[in-house]
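Read top to bottom, the protein sequences are chains S and V.
If you count the first sequence from 1, you need to add 13 to reach my numbering.
The letter at position 43 of the second sequence is residue 35 when you use my numbering, and the numbering goes up by one with no holes.
Source of the hints: derived by calculation from the structure; they are not laboratory data.
Computed from a predicted structure; not experimentally measured.
Some clues are possibly wrong.
Label pairs and their in silico Cβ distance ranges [what the hints assert, rightly or not]:
| id | chain 1 | residue 1 | chain 2 | residue 2 | range |
| --- | --- | --- | --- | --- | --- |
| 1 | S | G136 | V | R32 | 52 to 58 Å |
| 2 | S | N85 | V | G109 | 54 to 60 Å |
| 3 | V | M60 | S | G108 | 35 to 41 Å |
| 4 | V | R26 | S | E134 | 41 to 47 Å |
| 5 | V | K110 | S | R84 | 52 to 58 Å |
| 6 | S | R71 | V | R64 | 34 to 40 Å |
| 7 | V | R64 | S | R21 | 41 to 47 Å |
| 8 | V | D96 | S | D107 | 28 to 34 Å |
| 9 | V | D90 | S | H128 | 32 to 38 Å |
| 10 | V | R64 | S | E102 | 39 to 45 Å |
| 11 | V | R32 | S | R71 | 29 to 35 Å |
| 12 | V | G65 | S | L20 | 45 to 51 Å |
| 13 | V | S10 | S | T25 | 19 to 25 Å |
| 14 | S | D100 | V | D22 | 32 to 38 Å |
Okay, the calculated bits of chain V under chain S, using three or more residues with CB under 8 Å as the criterion [to be verified]:
| id | segment |
| --- | --- |
| 15 | 13 to 20 |
| 16 | 42 to 49 |
| 17 | 70 to 79 |
| 18 | 82 to 94 |
Partial selection, computed: residues in chain S whose CB lies under 7 Å from chain V [unchecked claim]:
| id | residue |
| --- | --- |
| 19 | I49 |
| 20 | D107 |
| 21 | G121 |
Yeah, the Cβ is synthetic: ideal placement off N, Cα and C, and Gly gets one too.
If you want the building blocks of each chain, they are given just below.
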Amino acid sequence: MAREGPLRVPITADVDIVTARQEGRDLAERMGCSSIESTMIATAISEIARNITSHAGRGEIAISAVAIDGRNAIEVVASDKGPGIADIERAMQDGYSTGAGLGLGLPGAGRLMDHFEVRSESGVGTTVIMRKWCP
Amino acid sequence: MAVPILRQGAYLIATVQSAMTDTEALRLRDDLVRQVGLYRARGIIVDLTALDLMDSFAARSLRTIAHMTRLRGADMVVVGVQPEVAFAMVQLGLTFEDVYTALDLEEGLRFLDARTGKD
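Make a model of the complete structure from these sequences and hints.
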């Protein structure tokens, strides 16, 4: 399919989390993902969008269809200019949380997707890039 | 939009819509905890048939509701978790270990009847 430009969803409040995950699900379904894959993508978006509202206050989620090595994938890039993650390795462990959550957000989102990377710099912000092959 | 809560005898039935925001989840918690006392409810069914996904915040909210309402004397059972929602929940790491679940509304009512000794 033709590559679409990223769909950008500003994240500032909990309603934006719902918007972002619905946009992700819509694109996944348009790309031909199964209902299970679309739900996994939407759930992962929900988790990383909440990371933005919980830790950075505001940020953005960009969702796009990409082709890598001839395969279609959905790509989600979550970025914020928040405090950053001091210890990414710990943040990727189940049950580790500095907020009020269950500590499943980052590692859980990683399990739902096929590719997951976190770039973060203390005081500069955090970018999460995740992809799932689709269909 | 608030989650609608219906009364059926000694039970409260909350029907969650497709997209539940964090604010709505917290409001559902407050509404249910209050209504258990108001209507002297013995059981609660939270129907998730229409819910399109469950993330960690929604799961934590539901667990909190189950614990709080149990302290108020009412058992809560979650019904209607869809197959793809269940699949994504397991991948995410959400187990719902201490929340009662049943397949659908009918099974949920049967469960509560058995729990509350109303057969």
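### Message
When the structure is checked against the list of hints, which entries are broken? Sort them ascending.
### Response
Failing hints, ascending: 3, 11.
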